[in-house]
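Chain by chain, the residues:
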Amino acid sequence: MIRAVEEELLALGKKHQNMVMLHGDLSGKCGVRLFADAFPERTFHFGLSTSHMVAAAAGFTARGKLPFVCGLSSLIAGGAWEQVRTAVCYQNLNVKFLGVDGGFARGVDGVGLQSGEDIALMRVIPNMKVVAPADGIEAAAVCRALFNEYGPTYVRLFSEEGGAVSSGHGEFVFGRSTEVREGDDVCVFSCGIMTGRCCEAADELLKENVRVRVVHLASIKPLDVQGILRHAAAVKTCAVVEEHSVYGGLGGAVAEVLSGSGLMVRRIGIPDVFGESVAADVLYKKYRLDVPGIVAQVRELV
Amino acid sequence: MTLDELYNKAALIRAYTLRMLQRSGFSYMGSMMSVVDILVALYYGDLGGEPVVSAQDYVILGKSHTALVQYAILADLGFFHESELEYPGKPGSMLQSRPSVKVPGIRAGAIMPGQGLSIATGLAMAIQMERKQNRVFAVLGDGELQCGQVWEAALSAAHYKLHNLVVLVDHNKLQHDGLVRGIVDMNSIHSKFDSFGWKVFQVSDGNDIDELLDGIAKALTVMRQPVCLICHTVSGKGVPFAEGKPTYHAAPVSTSEIEEIFSNFTHNDDDSRS
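Chains A and B supply the protein sequences, listed in that same order. Read in order, the letters of the first sequence correspond to residues 36 to 337 in the numbering used here. Read in order, the letters of the second sequence correspond to residues 4 to 277 in the numbering used here.
One should not assume that every hint holds.
[Claimed, not checked] Taking lysine-lysine pairs in the PhoX-like style, the calculated list, with each CA pair at most 25 Å apart, reads:
1) B/K164 / B/K135
2) A/K242 / A/K271
3) B/K105 / A/K256
4) A/K256 / A/K320
5) B/K195 / B/K221
6) A/K50 / A/K64
7) A/K49 / B/K135
8) B/K135 / A/K50
9) B/K202 / B/K176
[Claimed, not checked] Chain A is faced by these chain B residues, among others (derived, beta-carbon under 8 Å):
10) L6
11) V106
12) Q118
13) S121
14) G125
15) M132
16) Q152
17) L158
18) S159
19) A161
20) K176
Please keep in mind that the hints were generated in silico from the structure rather than gathered at the bench. Bear in mind the structure is a predicted one, so any value in this text is a computation, not a measurement. For every residue, glycine included, the Cβ atom is placed at its ideal position computed from N, Cα and C.
Work out the full structure, taking the sequences as your base and the hints as a guide.
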């Protein structure tokens, strides 16, 4: 979905003169490329000084700039966490964080650059909004929406395209969920690129007469609390599927909503383990987060 | 302001700060006292008839634990009513232990040590991008230089040749647990900033406002490099029983200590210094 983000950020950069981009290494993969080519004077490369970069973004806001801070999820949400918390979120500054390739997506780069924890780390900070778009179209819509709502926001992007989920909706609204597959046997809540995989899994299970409702929660914080309760009450059982630890991510958020409701939710994700230096696909398969794995895990619930 | 007026102002700010310390129960008395003159020089000083820090310039307090001093100055300058100074330490206070943008007069706030220079650098980068002349003054502690992020920012500032950025290091030689050189020795702060591409000057008495203003004047003549002023100060300056003493550096102030201080404290137009 990076290509779509690059194009959208370029368009937004033309429209918004106060927009600046701050990024670290791997700039070619973080969405800055086209903006950087068009507006080199508004683009700042911080190399590996990630913590400094985040606090510097706070400094930019004092001059009325709107900084987009782009980098790997592991570095932005993990490495610079304290700066995100106190320099930006505590002071409620209008800084937008684009974190790329959380979960196992970095594959052979290994555990240091992977991040099964970024959603948990970001959503627990007050004032922070957290978004995980499903595909390029939605990611571009998210970028546009960032200009409509003030405040620090963490967007979880992936190099992978993501299965086309948006089907041309082209609009993102904070705090809203989207039902992308209908069904009453089991409801699967999902976010990010996993939603596309959940849709494929739902289509597979339909052949076995299992009707899976897939609800896409791109907006993780704020969460569509009423929507979650409504969907969960309408089906026999529900699950959350994410490329993130089963602790503290979307699964944790949904479980928090459903706690006290008496409704069951099964959290499917990374089972509290670190990844390893192998291709991402190998990890998806090993932890049953690829389409066949999701099919199997959802089938177990029914 | 004349020098006498500046010395008087420093005494007033010390008095305000000590009262706030006692009322709030906050700590770091010695560390607050050592930085008063630096902040007074910045906020009230003139160079050639122009204020050192104009309305378009910025002061970032990197040694954020001394926020009470900055609050006293901002109240005195009219950014908010001085009654706000009674509330630090009480629920709902606008004035928290560390300075943030929620306080009128603070346009960029550092909460944690090591953050201030990063924020100041980002600000200076934005100003440079706009091709404007505004300046950024960052006041850092010497213990704070143990934070790696300070050096990330220092690299950045030199890389972008930010001559609109001036750092003043409050070099009082102490940190919470004792002498800086006994904990993590900074050795030569001068050679460190110098090797990072900064222009460095020393202010041999960082509690002498006249010397501070001379140092700042020199700093503002430098082009194409950020500047560091190493200001040699005394922790607890202005409180005779606390000057230079590690035990008072991070201490709160008790009621009996306040009474002792104010019984000896003079502040009026006749005295040149208190």
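Outcome of the hint check:
1. B/K164 / B/K135: 14 Å, holds
2. A/K242 / A/K271: 19 Å, holds
3. B/K105 / A/K256: Holds: B/K105 and A/K256 sit about 24 Å apart, inside 25 Å.
4. A/K256 / A/K320: 29 Å, violated
5. B/K195 / B/K221: Status holds; Cα separation ~20 Å.
6. A/K50 / A/K64: Given that 25 Å is the threshold and the Cα spacing comes to 23 Å, the pair holds.
7. A/K49 / B/K135: Measuring from Cα to Cα gives roughly 22 Å; hence the hint holds.
8. B/K135 / A/K50: Given pair B/K135, A/K50 holds - Cα atoms ~22 Å apart, limit 25 Å.
9. B/K202 / B/K176: Status holds; Cα separation ~21 Å.
10. L6: Not OK, violated: B/L6 not within 8 Å of chain A, min 31 Å.
11. V106: Result: violated, 10 Å to nearest chain A Cβ.
12. Q118: At 5 Å from the nearest chain A Cβ, B/Q118 passes the 8 Å test, so the hint holds.
13. S121: 3 Å, holds
14. G125: Holds: closest Cβ of chain A sits about 3 Å from B/G125, inside 8 Å.
15. M132: 6 Å, holds
16. Q152: Since the shortest Cβ distance to chain A is 5 Å, the answer is holds.
17. L158: For B/L158, the interface hint holds, since the closest Cβ of chain A sits about 7 Å away, which is under 8 Å.
18. S159: 6 Å, holds
19. A161: At about 12 Å, which exceeds the 8 Å cut-off, the nearest Cβ of chain A leaves the hint on B/A161 violated.
20. K176: Where the cut-off is 8 Å and the nearest Cβ of chain A is about 26 Å from B/K176, the hint is violated.
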